[in-house]
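Chemist: For the protein sequence lines, the chains are A and B, in the order given.
Residue 1 is where the first sequence starts when you use UniProt numbering, and the numbers rise one by one after that.
Residue 1 is where the second sequence starts when you use UniProt numbering, and the numbers rise one by one after that.
Simulated from the structure, these hints should not be mistaken for lab results.
Watch out, some of these pointers could steer you wrong.
All copies of an identical chain are treated as equivalent in the list; a pair is satisfied when it fits inside any one copy or across any two copies.
[As the list claims (entries may be wrong)] Quick list of in silico lysine-lysine cross-link-like pairs, DSSO-like style, CA-CA up to 27 Å:
hint : residue 1 : residue 2
1    : 321       : 201
2    : 321       : 242
3    : 62        : 242
4    : 321       : 62
Protein chains: 2
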Amino acid sequence: MNYETPQFFHVMQYAAAADRDVIDMVSGNPDWEPPEAIRDGLSEYAESDASEFQYPPSDGLKPLREEIAARRNVDPARVIVTNGTGEANYLGMARALERDAGEDCVLIDPVYPYYPGKVSMLGGETQLVDAARNGTLDVESTCEAIGPETGLIVLNTPNNPTGAVYDIDSIRAVVETAADHDALVVVDEVYDHFDFAGSFKSALTLDADNVIVTSGVSKSMAITGFRVGYAIFPQDLIEPAKTRHMLVNVTTSRPAQQAVYNAYRETGPDYYAAARDRLTDRVDSFTEALDRAGAEYTTPDGAFYVLARFDGFPGTMENVKTLIDEAGVAGMPGSTFGTARNDWLRFALVTPRATEAAERLAEYFAE
Amino acid sequence: MNYETPQFFHVMQYAAAADRDVIDMVSGNPDWEPPEAIRDGLSEYAESDASEFQYPPSDGLKPLREEIAARRNVDPARVIVTNGTGEANYLGMARALERDAGEDCVLIDPVYPYYPGKVSMLGGETQLVDAARNGTLDVESTCEAIGPETGLIVLNTPNNPTGAVYDIDSIRAVVETAADHDALVVVDEVYDHFDFAGSFKSALTLDADNVIVTSGVSKSMAITGFRVGYAIFPQDLIEPAKTRHMLVNVTTSRPAQQAVYNAYRETGPDYYAAARDRLTDRVDSFTEALDRAGAEYTTPDGAFYVLARFDGFPGTMENVKTLIDEAGVAGMPGSTFGTARNDWLRFALVTPRATEAAERLAEYFAE
Numbered sequence: 001m002n003y004e005t006p007q008f009f010h011v012m013q014y015a016a017a018a019d020r021d022v023i024d025m026v027s028g029n030p031d032w033e034p035p036e037a038i039r040d041g042l043s044e045y046a047e048s049d050a051s052e053f054q055y056p057p058s059d060g061l062k063p064l065r066e067e068i069a070a071r072r073n074v075d076p077a078r079v080i081v082t083n084g085t086g087e088a089n090y091l092g093m094a095r096a097l098e099r100d101a102g103e104d105c106v107l108i109d110p111v112y113p114y115y116p117g118k119v120s121m122l123g124g125e126t127q128l129v130d131a132a133r134n135g136t137l138d139v140e141s142t143c144e145a146i147g148p149e150t151g152l153i154v155l156n157t158p159n160n161p162t163g164a165v166y167d168i169d170s171i172r173a174v175v176e177t178a179a180d181h182d183a184l185v186v187v188d189e190v191y192d193h194f195d196f197a198g199s200f201k202s203a204l205t206l207d208a209d210n211v212i213v214t215s216g217v218s219k220s221m222a223i224t225g226f227r228v229g230y231a232i233f234p235q236d237l238i239e240p241a242k243t244r245h246m247l248v249n250v251t252t253s254r255p256a257q258q259a260v261y262n263a264y265r266e267t268g269p270d271y272y273a274a275a276r277d278r279l280t281d282r283v284d285s286f287t288e289a290l291d292r293a294g295a296e297y298t299t300p301d302g303a304f305y306v307l308a309r310f311d312g313f314p315g316t317m318e319n320v321k322t323l324i325d326e327a328g329v330a331g332m333p334g335s336t337f338g339t340a341r342n343d344w345l346r347f348a349l350v351t352p353r354a355t356e357a358a359e360r361l362a363e364y365f366a367e
Numbered sequence: 001m002n003y004e005t006p007q008f009f010h011v012m013q014y015a016a017a018a019d020r021d022v023i024d025m026v027s028g029n030p031d032w033e034p035p036e037a038i039r040d041g042l043s044e045y046a047e048s049d050a051s052e053f054q055y056p057p058s059d060g061l062k063p064l065r066e067e068i069a070a071r072r073n074v075d076p077a078r079v080i081v082t083n084g085t086g087e088a089n090y091l092g093m094a095r096a097l098e099r100d101a102g103e104d105c106v107l108i109d110p111v112y113p114y115y116p117g118k119v120s121m122l123g124g125e126t127q128l129v130d131a132a133r134n135g136t137l138d139v140e141s142t143c144e145a146i147g148p149e150t151g152l153i154v155l156n157t158p159n160n161p162t163g164a165v166y167d168i169d170s171i172r173a174v175v176e177t178a179a180d181h182d183a184l185v186v187v188d189e190v191y192d193h194f195d196f197a198g199s200f201k202s203a204l205t206l207d208a209d210n211v212i213v214t215s216g217v218s219k220s221m222a223i224t225g226f227r228v229g230y231a232i233f234p235q236d237l238i239e240p241a242k243t244r245h246m247l248v249n250v251t252t253s254r255p256a257q258q259a260v261y262n263a264y265r266e267t268g269p270d271y272y273a274a275a276r277d278r279l280t281d282r283v284d285s286f287t288e289a290l291d292r293a294g295a296e297y298t299t300p301d302g303a304f305y306v307l308a309r310f311d312g313f314p315g316t317m318e319n320v321k322t323l324i325d326e327a328g329v330a331g332m333p334g335s336t337f338g339t340a341r342n343d344w345l346r347f348a349l350v351t352p353r354a355t356e357a358a359e360r361l362a363e364y365f366a367e
C-alpha cells in the first residue's frame with residue numbers, strides 16, 4: 001500500500017541541518033505559553049492516587065467529555081475524546097468509508113496533506129476540488145463533484161493553509177448535497193479559536209445527521225504534543241467509531257486528558273483573545289513585508305498561515321530548500337497541499353520571529 | 001462493518017452497579033504504585049519550557065526510543081513508540097494484512113478478544129487454533145493451520161488469559177513455518193516483566209525478518225492509563241507502519257512519554273521483582289482456595305490471570321453476573337476469550353483483595 005507521507009518532518013529536518021540561522025515557519029506548533037492550568041493540572045495529577053493512573057473510559061474521562069459537550073452544545077454521548085484531532089479525523093473518515101456508501105472522497109484543494117493520506121490508507125479515492133481563488137469554499141464546483149459514488153467530503157474551517165473561514169451557508173449547501181447522495185461530511189474545526197473576523201460558525205449548528213465535527217486543543221491551548229482532540233458524531237453513527245477507537249488505541253493518555261480538563265475549567269476567554277491579537281499583529285507585519293516583496297497573498301481570516309506567491313519562484317520543495325539556505329526562512333511547498341497551489345508557499349505565523357522572517361523575504365525577493 | 005466489541009467494560013459496569021461489595025478481578029489494571037520516577041517525571045515535565053509541550057517526533061521522543069532499543073537490543077530505527085501496546089498490535093497486524101500476502105489470521109484460543117476484533121476491523125479472517133490444555137502453544141496444530149492464505153499469526157507470551165510462558169523453540173517453529181508461507185508473526189510481550197519461572201525469552205532473540213514484537217509499560221510500570229507502548233519491526237517492514245502511525249495518531253502524548261523515559265532511567269530491578277513477588281503470593285493463596293472450591297485451574301507461569309473451571313458452572317456472561325451478585329467476585333467469562341475456554345472463568349490477580357476473593361469463591365462453590 002502506498003500512503004502519501006506528509007512532508008512536514010522532511011522540511012523541518014532540512015532546516016535543522018542547515019548551516020545558518022533559519023526561522024521556522026513550517027510547523028503548526030504555537031510558540032506561546034499554554035494556559036497556566038495545563039501545568040497546574042499536570043502537577044496535581046502527578047500526585048494523585050495510583051488508581052488514577054489506570055485506564056480512563058475508552059471514550060475519555062467523563063468530566064472531560066461532558067465539558068466538551070457543554071461547550072459544543074451537544075449530548076455527551078456524541079463525543080469521543082481522541083488522540084488529537086488527527087485521530088478524530090481518522091475515525092470520522094473511516095466511519096464514512098466503512099459504510100459501503102461510496103469510496104470517492106471529495107477534498108478541497110489546497111488540501112491539508114494528511115487528508116489524502118488517510119483516504120488512501122482507508123482504501124478510498126481522493127477527488128480534489130479547487131477552492132476559490134481567495135481560499136474559501138467554491139460551493140458550486142464542490143456540489144457538482146458530489147455524486148452517487150461519493151462517500152465522504154472533508155472540510156476544514158478556519159482553513160489550513162488558506163486562512164479562509166467558510167460561511168455557514170456554504171457549508172450547509174455542501175452538507176445537503178452530500179445528504180442527497182448518502183455521503184458524510186467531516187468538518188475539521190481545529191482552528192476554531194483562531195477566527196480573526198469573528199465570522200466562524202461551527203457546522204454543529206446545522207444539526208445535520210451526516211456531519212461529523214472534529215477539533216481539539218492542540219492549537220487553542222498551545223499543546224500539540226499532548227494529543228487531546230475529539231470527534232462529535234451524530235448519535236446514529238457513533239457506536240462503530242467508538243469500537244474502532246477502542247480497537248486502535250484502547251483509550252488516550254490520561255495525564256493529558258486530566259490537564260486539559262483542568263485548563264478548560266480554569267482558563268478564561270482572555271487567554272484565547274491574547275493569542276488572536278498576537279496573530280493578527282503578525283499577519284499585519286508579515287503581509288506588509290510581502291507587499292514590499294511584490295508577492296501575491298490572501299490575508300487570512302483565521303488559522304495561522306499565510307499562502308504567498310512570488311513571481312518566477314514556484315512553491316516546489318527545491319525552492320523551499322533554496323529559501324532555507326539563501327534567505328534563512330523555512331516555509332512549506334505549496335505542492336504538498338494538493339495541486340491548486342503549486343506556485344505558492346505556506347508560512348506558519350507561529351514564531352515570535354515572524355516579522356524578522358518577513359524582512360528576510362522582502363530583502364531576498366527585492367534583490 | 002461489525003467489530004466484536006470487547007466485553008471488559010460491560011462486566012465492569014455491571015459490577016460497579018451491583019447492590020453489594022464486589023471484588024474486581026476483571027480489569028488488567030495493576031493495583032500497586034507506579035515507579036516514583038513516573039510521578040517525578042511528570043512534575044518536572046509540567047515545569048518545562050512551552051516548546052517541550054509541542055509535537056515530539058512522530059515515532060516517539062528520541063531518547064525514549066533509544067532507551068527501548070537498548071533494553072531490547074535492537075537498532076532504534078526499528079522502534080515506534082505507540083499509544084499503548086494496543087496501538088502497537090494494531091500497527092503490526094495492519095502491516096501483515098496490507099501486503100496482500102493472505103488474509104487468514106491464526107490466533108491462539110483462548111484469545112485476548114482485542115485480537116479478533118482488530119482482525120475483523122482490518123478485513124482479515126480469524127482462524128482459531130486451540131492452545132494446549134495447560135495453555136501453552138500447541139506447535140503441531142498451530143503450524144498445521146498455517147498455509148498459503150495465512151498472512152498473520154498472533155502470539156502472546158506470557159499469555160493472557162492462560163498464564164503460560166511459551167518456550168522459544170515453540171515460537172521458532174511457528175515463525176519458521178510462517179516464513180515458509182510469507183506470513184508475519186506478531187508477538188505481544190506486554191507481560192514480559194511478569195515471568196514467575198524465569199523462563200521467558202523474547203521472540204526478538206530469534207532475529208527473524210517476519211517477526212514484529214510489541215510491548216509497553218502499562219503493566220510493568222502500573223500505568224495502563226498513560227498509553228505508552230512500542231512496536232519493534234524488522235527494518236524492511238517498518239516504513240509503512242510509521243506512515244500508518246502518523247496518519248492515525250500523528251504521534252503519542254508527550255507528558256506520558258517523558259514520564260516513562262524518566263522511569264526507565266531511574267527505576268531499578270527491585271521494583272519489578274517486588275511486583276512479581278506480590279503476584280506469586282497471590283497466585284499461591286488464590287489457587288489454594290480454588291483447590292478447596294474443587295476447581296480445575298492451571299497455575300500461571302506469567303502474566304497475572306488465573307483461568308478456573310467449576311463443575312456445572314460454565315463461563316458464560318450470565319454466570320459471571322451470578323458470581324457478582326451472589327459471591328461478590330467479578331471475573332471475566334471464558335466465552336469472551338474465543339471458544340476453547342467456554343467452561344472457564346478468568347480472574348485477574350491485580351487486586352489486594354485476591355485472597356479475600358478466593359475465600360468467597362471457595363465458600364460459594366462449597367455450598
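Chemist: Are there hints from earlier that the structure breaks, and if so, what are their numbers?
Modeler: Violated hint: only 1; rest satisfied.
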